[in-house]
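**Student:** The lines below spell out each chain.
There are 2 protein chains.
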Amino acid sequence: MNDRVAPNLISAVDEARHWVRLMEMAELGAIPGPTPEDPGVNRACLTPLDRAARRKLIAWGAEIGLTASVDAMGNLFLRHEGTDPAAAPVLTGSHMDTQPNGGRFDGIWGVLAGLEAVQAIRAAGIATKRPIEIVAWTNEEGGRFAPGCMGSMAWSGFAPPETWDNVTDPDGMTFRAALEEHLAAEADIPRRPLGGRPHAYVEGHIEQGPRLEAEGLDIGIVTGIQGSRWFVVELTGKSDHAGTTPLLLRQDAVQDMVRAINALNILTQDPRDVLRFTVGRIEVSPNTSNSVAERVRFTIDLRHPEKEVLLARGDAITGVVQAAVRGCKVAVTERFHAMPTTFQPEVPAAIERAAAAQGLKAARMPSGAFHDAQFLVPVCPTGMIFVPCRKGVSHHPAEFARPEHLAAGTRVLAAALVDLANG
Amino acid sequence: MNDRVAPNLISAVDEARHWVRLMEMAELGAIPGPTPEDPGVNRACLTPLDRAARRKLIAWGAEIGLTASVDAMGNLFLRHEGTDPAAAPVLTGSHMDTQPNGGRFDGIWGVLAGLEAVQAIRAAGIATKRPIEIVAWTNEEGGRFAPGCMGSMAWSGFAPPETWDNVTDPDGMTFRAALEEHLAAEADIPRRPLGGRPHAYVEGHIEQGPRLEAEGLDIGIVTGIQGSRWFVVELTGKSDHAGTTPLLLRQDAVQDMVRAINALNILTQDPRDVLRFTVGRIEVSPNTSNSVAERVRFTIDLRHPEKEVLLARGDAITGVVQAAVRGCKVAVTERFHAMPTTFQPEVPAAIERAAAAQGLKAARMPSGAFHDAQFLVPVCPTGMIFVPCRKGVSHHPAEFARPEHLAAGTRVLAAALVDLANG
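Top to bottom, those sequences are chains A and B. Sequential numbering from 1 applies to the first sequence in the working numbering. Sequential numbering from 1 applies to the second sequence in the working numbering.
These aren't lab readings, by the way, just hints derived from the structure by calculation. Don't take each hint at face value.
For chains that are exact copies, the list does not tell them apart, and a pair is met inside one copy or across any two.
[To be verified] Pairs of lysine-lysine residues, derived as BS3-like cross-links and limited to a Cα-Cα distance of at most 30 Å, are as follows:
hint : residue 1 : residue 2
1    : LYS391    : LYS129
2    : LYS361    : LYS329
3    : LYS307    : LYS238
4    : LYS238    : LYS391
5    : LYS391    : LYS329
6    : LYS391    : LYS307
7    : LYS129    : LYS307
8    : LYS238    : LYS129
9    : LYS361    : LYS391
10   : LYS129    : LYS56
With the sequences and hints as input, model every part of the structure.
**Tutor:** Listed below in structure tokens is the structure:
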């Protein structure tokens, strides 16, 4: 076990190079942000922009001798060979897609931190027994095709890869068609089997919450991920003329949506403010100002760290909506669920050792957000490194992390990778 | 005054020809309906489909000797000459655009009834002192470019024609650009000045309400139109990660919309159920299931036959929304208003005489819906003929009117036109 930090490894992590690569990636899909200093990124998965970002990553990897491969879900891997090539690799990475109005750090930092860490390991002349593989999972965000984490779910065997074949993006394209187009565009990259048995998985990520910044901490040692359940509620009423139809005779899907959300707000009340209940997407049909809405579809994102709470509140949704509406037919579909996850002790311990050896302030904490890491837990020891982000903002152009915080996180990742790859 | 009905005029109205023309028009923009017998129509204004419908109308008019002309708003006129060509014409018509998920009768019937009535007048050998002009007003529905009735508003001087230049359709095209494209496509049709001083205006329309059918009546003699006010409410909060941000720290635009609509439902309560309050259009941004909504825009359509009620409730909207929301900034914009309208006595009297002379069951009634006719009231004596429609449904593919009811309405229109044109 590598208890002490190798000084040459720490100094080999190049803060400036790392930041420049992040900013270069942020140009692929750049969108205006709240200020000229805060541009955002809109880089949906399986688009030409996503592919441009992947080619850039592959090229940077090739420069330092890493070999690329792609699996049937489009998950992309860059391999650093171990002294024992047959040993189970240590896996690190995250995702490269963003939310439609996303920022420059969510996901992409974890991938580029893996690249920078491996580059530093190689530059420091450190050999690892186990190979290290950097992974970019397909469609973590779920912004174009819902739900997110399709790549890691299929890779880990959580769901068969054909599960989402018929999911469509807002333009009506299916996930299957987008994936086939994508794989054809990457036909020159060697193909690898879907799935594997790594020795461990470590994912770096911005915190997406306010705690590290508020407490002046450098590193979050993530202990697990709260559970999530995603639902779509469809209310079907009757379209009528807004000027002629008396209100008592209407089956107004917008008004029934308001009744449903009022009732769901009561169902999801939590004095501790731990439960997360979000209606983030609403589609109205026909969606014209002078017609009573015939149909409304809205999403529910429900999260809680305790399985019992998630099950009880989530299972009550259909009944609560049915009791709340006045005239509409109700259909509630659960589109996704992931129960709360606790990481095995090995990876958090390695992260804790690395942070301590480098004199960084670290704390153990759960993740409020949803990550590819949760699907790796049944496959291998798993963990995550959080770094602070400004005001906890993410999924928005104002998302920001300081170069020195990102470099510190990358140094912890590099040390933890060496620790795990030689352990 | 033509107190008695000319039998040859009545028999010259051809129910079958009239129905076939309606069905032929319904093919332009046909969409599936609830049953194969009830297809709908989606024919947005200033589109190639709209232009195809207009060309068809012009061709049918040309076959019977009517001359076409177009004004700067794209309003289309077909002229039947009078024995005194200098006399102020009698105007009749409606509109040819539909709602996005509209039916086969709303608007187009009033135009084709005008054509059928004029054809019958000519076939019966009846000369009229005054010319009769059939008009198809541009963009009555407001489905593509809001608000509706732009053509008649500009023609009557209610608003300058450039008022809506920068209004955009869902694809971002401006009304001005669409109108210019349209006028270029109709450059071969003679241009006429915008506006005029007709002797009278008569518009035929399906009732869009249940009363005529329920009471077994053939004809509605419309006495006036209730007033309308249209608003757009924009709520601006803050986008956050749905998994990490505590509910108490959010500025969730969807939740503030729900609070606002709850408060507006109280503001618009009416035990008599005469007031019409509709939220028909909602746009959420970024509209992804796992992001707290940063911005919501929703529309309000408020109608009432009494000016005082419309002013009091409408003027209270901004304050009520501001008091209801928790964290969002509020911007309320009034996009359109039209105070309640009472038709002058001349045209309703002519309709009443025609219906009585033909032995039809008729009743005086206000219009719940909004029509081009309301903008003609300051210009000339104005009136409307309503015919029954099934269950009062409109703005939907299930919209239906029986051929015999439409023919009866057309016969009343024909007699009223002769009455007014020779009066």
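**Student:** Which of the listed hints are broken here?
**Tutor:** 1, 2, 7 and 8
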